[in-house]
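*Asks:* These are the residues of each chain, in order.
Protein chains: 4
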Amino acid sequence: MVNVGVIGYGYWGPNLVRNFAETKDAKVVCVSDRKEDRLTLVQSRFPYIKVTQDPMELINDPLVDAVIISTPVSTHYDLASKAFKAGKHVLVEKPMTGSVEEGEKLLEESARAKKTLMVDHTFIYTPAVIKIKEMVGKGDLGRLLYYDSVRVNLGLFQHDVNVLWDLAVHDLSIMDFILGEQPAEVSATGVAHLNGQPQDVAYITCYLQNNLIAHFHVNWMAPVKVRRTLIGGDRQMIVYDDLEPSEKIKVYDKGVSLNEGPEGVYQMLVSYRSGDMWAPHLATTEALKTEAAHFIDCVTNGKTPQTNGEMGLRVVKILEAADTSMANRGQPVHIL
Amino acid sequence: MVNVGVIGYGYWGPNLVRNFAETKDAKVVCVSDRKEDRLTLVQSRFPYIKVTQDPMELINDPLVDAVIISTPVSTHYDLASKAFKAGKHVLVEKPMTGSVEEGEKLLEESARAKKTLMVDHTFIYTPAVIKIKEMVGKGDLGRLLYYDSVRVNLGLFQHDVNVLWDLAVHDLSIMDFILGEQPAEVSATGVAHLNGQPQDVAYITCYLQNNLIAHFHVNWMAPVKVRRTLIGGDRQMIVYDDLEPSEKIKVYDKGVSLNEGPEGVYQMLVSYRSGDMWAPHLATTEALKTEAAHFIDCVTNGKTPQTNGEMGLRVVKILEAADTSMANRGQPVHIL
Amino acid sequence: MVNVGVIGYGYWGPNLVRNFAETKDAKVVCVSDRKEDRLTLVQSRFPYIKVTQDPMELINDPLVDAVIISTPVSTHYDLASKAFKAGKHVLVEKPMTGSVEEGEKLLEESARAKKTLMVDHTFIYTPAVIKIKEMVGKGDLGRLLYYDSVRVNLGLFQHDVNVLWDLAVHDLSIMDFILGEQPAEVSATGVAHLNGQPQDVAYITCYLQNNLIAHFHVNWMAPVKVRRTLIGGDRQMIVYDDLEPSEKIKVYDKGVSLNEGPEGVYQMLVSYRSGDMWAPHLATTEALKTEAAHFIDCVTNGKTPQTNGEMGLRVVKILEAADTSMANRGQPVHIL
Amino acid sequence: MVNVGVIGYGYWGPNLVRNFAETKDAKVVCVSDRKEDRLTLVQSRFPYIKVTQDPMELINDPLVDAVIISTPVSTHYDLASKAFKAGKHVLVEKPMTGSVEEGEKLLEESARAKKTLMVDHTFIYTPAVIKIKEMVGKGDLGRLLYYDSVRVNLGLFQHDVNVLWDLAVHDLSIMDFILGEQPAEVSATGVAHLNGQPQDVAYITCYLQNNLIAHFHVNWMAPVKVRRTLIGGDRQMIVYDDLEPSEKIKVYDKGVSLNEGPEGVYQMLVSYRSGDMWAPHLATTEALKTEAAHFIDCVTNGKTPQTNGEMGLRVVKILEAADTSMANRGQPVHIL
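Chains as they are written, first to last, in the numbering used here: chain A, 1 to 336; chain B, 1 to 336; chain C, 1 to 336; chain D, 1 to 336.
Hints are computed from structural coordinates only; laboratory data are not their basis.
Some clues are possibly wrong.
One copy or two, either will do: identical chains are not told apart, so a pair holds if it fits within one copy or between any two.
To be verified - With a straight-line Cα cutoff of 16 Å, these simulated EDC-like cross-link-like pairs (lysine to aspartate or glutamate) come out: (1) K82 x E57; (2) K82 x E109; (3) K250 x D276; (4) K225 x D241; (5) K131 x D276; (6) K35 x D54; (7) K317 x E101; (8) K225 x D253; (9) K225 x E244.
Please model the complete structure; the sequences and the hints are all you need to start from.
*Replies:* Written as structure tokens, this is what we have:
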């Protein structure tokens, strides 16, 4: 049995508490939030859970084995670091930290404490993303050509981070998982429209190996909701639309091939193939449920999480580089 | 009556001939194409039109008042230049020329010859784009925030130009028309996947005044066809989907407003509004028909075309700057 | 304060309990279900609610003011009748009863007991249906021509009633509310594909006044989910798609008009108009929440429910007539 | 070489002339139309085709081998009959004749003249319908449960026939082709909204063997265009949407099965399966082109057309029965 404590009962915290409360071999023993009315809500729903306004009380509670951090990004490093010092395992909201420097320190501290560090990149646990990873991994798509992702809507404004750290973080983690490769360089553009507010519209281009290009479009101020990713290979192409109720993934048996023409390289023949479309049936499992069980499994059996600290750090590296590029109107930035 | 000659009877030429043949006060008197079988096709359809393999014969024909150039981009400047020298009016396919230098020379030559120079930016003559221009012009959208355009599909490969000069040229002309403003700086990214072929996937960001940002996504290798533009203002937002058979424009009464909170600038309140959606009825006039009549009107009455040489040059300037930026992985490039 | 008891905690019961638990001036004091595990579930969620396997214990509980019946259709009349005898108000699931005869008796018993009888036709309380009723009521659509409704999907099989009593019941109540008129005659067709099971695919045509025709298509075995109603008038037409996340109602400024031609009645000119489309913004209130508050208001203040027993009976009359017609392959049946 | 003459150059005639003009081994030698301006149009497009206002001149022209009849339904029998008497082959627009009586006589006359009789049921020659026929024929769908077709839009008003004879005729021919079975009984409903005009909205139910039911919804006055057919089997189900540009057919690996429960027939278990969806690639051949070649092949080589007179007559039988049923508000009518 793993006893977990959850810090932050705002927008996402209730989902974490509910899912861990229903996870086998896990028990939510404590919830912490600065706001008293949030704690009252916890108690009305889960009378048996201890509540506190002081996160340190939760972190230092000897009953707590693992700390789940669901607070603003700027506090992630500090709270996670303290949790490791107190000998706890940690599951932290995405993005893992607010900077690469903090991220690198956190990885060291996790290693020193010999405790699990997992990042809550929830999409990695959805049946759709797992299916795409499997298809790309088997080479079904052939040589990958491009990855194009759009995540826009008239959404909530995040005051603490810009639209990249709020929305693109999802897509960067999905790309990291599917491609298994860190981009070498990024170029990003974007603007802030409201005085004193962070950027609300942004675009990132990532350069990967073998001429593979990945592009991300995020926008807090669109009139329509779009969650769509195209992945193009020279054998097959995928359209992943997260808003489709039942056909989230469509696989097109379309591609392009380059044949040398009769007169050699000066006569290349580009030919397009057009074929069937196929939408695989997907399970309807809730991703957070899968993820909670995976965290408990990692903590209990010492396994490495799918979304471990290394992955969390890779995503933060792209975000930080994108911020730098965006401040310089697209100037490319290398990622180390 | 304006007698026109059409050079190039390949993909687009037949549409030009058919439309000018049905335009009041215009007469197609000559068609030129390098390929004999294309000329045979012209004669079977229009027995009364003179045909020739030599474009100079057409240009120098005293019967011809106006020359329409529908050939590869690399030949535009040379043919148009010769037409002006021969004292003819010119309608040239988009993009107007293959470089800014050629474009500037062509404008001078047109001025010197005192003949009309018009560029075939057909979308400017569609009922949808005219409607959007009208709405933006009246200020219906409020302060403009962003312009986002996607034009992708599994399409024909252009061997002579890259995907920017083939596809983005449409969207850049639409933006020029709607916003009436030249961007100050661009950042572009993109790659070529086939050896010896031009870029097939590309992205452009344009920086305009007042934090307005415009972004363009073009792709020759997508499995699905998308032709969608979002235009966001702080009062209303437009979704323009050119593939919708009957509701190409949707106007959302949605927006965002920034109010100063009770405690001054440190407490900005961002609020979203959500309202009705409205799809104006649009005429179903064929754009090329409207454009042909407009060209004849300009030639006859000395009017300035909606899509004149200045506009053609502004579009070429963005394309050339985007090429430079793309070669440098997004490095921003100023437009003069 | 109205104390309510809920009989039946199966598919819909939990929604009723949750909504009434959150309704002002209402309190859920008792829940009854035949199955012990359902009662255990009630207690884990609402420790303060009394539970019992015996519905008569609930009905006769002096603490209970109003009985909510969420059980199979065949038991509706019996339970509601006993509730009236015990001096309780009643909210009963749709369809109100399993036959016209039961329905008529129930109305009498409700009148005799001077207690509220309301039927849970939930759709009547949705913002979309309320908006359509308002538009039709104001005459926005002009003269009504047709009403066409489709409700199909690969759904749960109801063993106790056929697809008309399970699905068409929704649409018949919506039509009753919007048109405010009882059809004079119906013709219905349909078949049962599984031995010993009720009809799973069915169609109803209702004849109303002034050549208005209403048609309903329901199907338990379709591969896709459709919930779409077309309402055609000679001035405007509505498409109501309940699966659309944000634009459930689209109003088309299209219509048809008949003008007498120059040569009199022998030369009628039918002309079509084509105009704008408009999607009104709708509130996102949960219908059951609105309905629960309305029931409490009716019980407390003696008001007549929007979905009262008369309406419930009108719907049952159409269903019973449709069953008769369906058994005779479409033979029309008068409704009295 | 087959010399064809086309009677009627109105809405559909120009498509017939254009396609036969491009068909191998066929030559359009004569076109007839009552209206002089239509004939002028023919001559401007095809200077070599002979034109006449008198259809008998065309029919009796010894140069003409086959007569194509594209005139109002009421004239079909008379013109076709005369063509057979003159020893010509006949391709007649759908519906073949205006009554069963005329249809039966025409079949006899065709047999007596030993000339080909083919009906222009164009949809039978589309790649989508051919694909569905193939799948159903191979038993891919398992046991067929239902066939449901919708064909509605704000369309042209036909003054000479009602909406069944104008629109349902398409779907009835498709059903005939796919199922290869004549319904035993029909029930139809519908109304006319404009004085002195035929019915503009109508519904037909057809009863086939083994509890298979087919339903058709046609409407001239809908605000949106719908062309959708669902075909449900107990193994797979098809959605055929003719308006989809590239995925007209979607095959759902969904179905329903009935298993006997542990306690025998009293405990039937209905279970639903949910699986992949698949959209086969379809050729983009123009149906009329395929059909024209097929007609020439039948005439030349004495083959029986896919859409021969027997099929044309089966469709007319359903239409006539549906008219009778519709006049009696759904009363079922047997088909002999």
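*Asks:* Hint by hint, note whether the structure agrees.
*Replies:* Okay, the hints, checked on the actual structure:
no.: 1; hint: K82 x E57; result: within (11 Å within a copy, 56 Å between copies)
no.: 2; hint: K82 x E109; result: within (10 Å within a copy, 69 Å between copies)
no.: 3; hint: K250 x D276; result: both (10 Å within a copy, 10 Å between copies)
no.: 4; hint: K225 x D241; result: both (11 Å within a copy, 15 Å between copies)
no.: 5; hint: K131 x D276; result: between (19 Å within a copy, 13 Å between copies)
no.: 6; hint: K35 x D54; result: within (10 Å within a copy, 43 Å between copies)
no.: 7; hint: K317 x E101; result: within (9 Å within a copy, 41 Å between copies)
no.: 8; hint: K225 x D253; result: between (27 Å within a copy, 15 Å between copies)
no.: 9; hint: K225 x E244; result: both (12 Å within a copy, 12 Å between copies)
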